[in-house]
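**Q** With the hints as your guide, set chain B onto chain A.
There are 2 protein chains.
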Amino acid sequence: MVFHIKPEIRILGIDDSALIRDNILIVGAFFRGGQWLDGVMRSEITRDGMDATDRIIDMVTSSKHYGQIRIIMLDGVTYGGFNPVDIVRLNEDTGIPVIVLMREFPDFEKIKTALHHLPEADKRMEMMLRAGRIIETISKDSSNPVFIQCAGIEVCLACDIVRLSSTRGNIPEPLRVAHLIATGIVCGESRGKA
Amino acid sequence: MVFHIKPEIRILGIDDSALIRDNILIVGAFFRGGQWLDGVMRSEITRDGMDATDRIIDMVTSSKHYGQIRIIMLDGVTYGGFNPVDIVRLNEDTGIPVIVLMREFPDFEKIKTALHHLPEADKRMEMMLRAGRIIETISKDSSNPVFIQCAGIEVCLACDIVRLSSTRGNIPEPLRVAHLIATGIVCGESRGKA
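So the sequences go chain by chain: A and B. Going by the working numbering, the first residue of the first sequence is number 1, and it counts up by one from there. Going by the working numbering, the first residue of the second sequence is number 1, and it counts up by one from there.
The set of hints was computed from the structure by calculation and includes no laboratory data. Please note: incorrect hints may appear among the correct ones.
No copy is singled out in the list; a pair is fine if it fits within one copy or between any two copies.
Said to hold, decoys possible - Straight-line distance between alpha carbons at most 30 Å, and here's what the computed DSS-like set of lysine-lysine pairs gives:
#, residue 1, residue 2
1, Lys140, Lys6
2, Lys64, Lys193
3, Lys112, Lys123
4, Lys193, Lys6
One chain only, chain A, in its complex shape:
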């Protein structure tokens, strides 16, 4: 089957803010491809909690854009510290394919050590591992690859969507803009990279 990706495919990029409180702001930037912002939504999750998956599902399914969102993009599989997102459940409960993007290959030994200090460490690790195989791919710049995981979508198609939406740099626009908004609102001015 040949799946045609429209250049204006609707993508929801989700990022979190800095860890300056126990309630962490998460922001969804609803984009047309890598071109322009069509909507903004927000929710809150608990720092180092276990509610990220549910809060994201609620935010997505209660949005007026729900029926239009074709892809959910996440910046890693943990939000608000070590609050893990179960991307398989996120995909199943919303019916929308999920792509996780990372700038670097995750260091699982380091993550394991950090998780040790938190309750339900094994469950968190299990949820992170459910995100499956990590694929290296090129978003824009071949000297600077990114890494993805996905649920509910073929890997090659996910790579195409990452490439199509990375108009301004190595990071897809929906994630780059979600990051600018989340840090800008919480810190007073945007900073750092998605």
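**A** Only chain B this time, still in chain A's reference frame:
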């Protein structure tokens, strides 16, 4: 003198959020022309207060982007209800030209009546009138003109900048996006028009 406008001229668009509290969130979207978002900043003003001019000057001059901002764009001359912005002082204190954009020609009789219920009504009206002559111009669609006021910039140049930055519709991108962010963050999901 021929003034050349670069397509990527840096513009800060500022909008406010819905009036659901006494502290009103204002959001600055720092844009390259009408193309893409380079930064987000925020501040707070008092509903129906008199602090909008000072808060906006503080937000702009304390930003890391301060030296790059070539134009400040406002969505009308009152924010957070009837908190007026003195655009002459905003221009003088920041050194940056200011363009005010309105979808409709303001109804001054209606404004006067509304101001009557607030303290310092005359001072507010005087600040609003300092914004000067209101010019009708075409941003994108000739059947749907917009209205502008400006400080520290020639009218014809201001019209060019409004046209150049209105890539997605009748409203310049920096204002359209500032509106999406401010309403999205405060209301949970963006709504309405800038």
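**Q** The structure should be examined with respect to each hint, and the outcome stated for every one.
**A** Results of checking the hints against the structure:
{"no.": "1", "hint": "Lys140 <-> Lys6", "in the structure": "both (18 Å within a copy, 25 Å between copies)"}
{"no.": "2", "hint": "Lys64 <-> Lys193", "in the structure": "both (28 Å within a copy, 15 Å between copies)"}
{"no.": "3", "hint": "Lys112 <-> Lys123", "in the structure": "within (12 Å within a copy, 62 Å between copies)"}
{"no.": "4", "hint": "Lys193 <-> Lys6", "in the structure": "both (27 Å within a copy, 26 Å between copies)"}
Consistency with the previously given hints is maintained throughout, with no hint failing.
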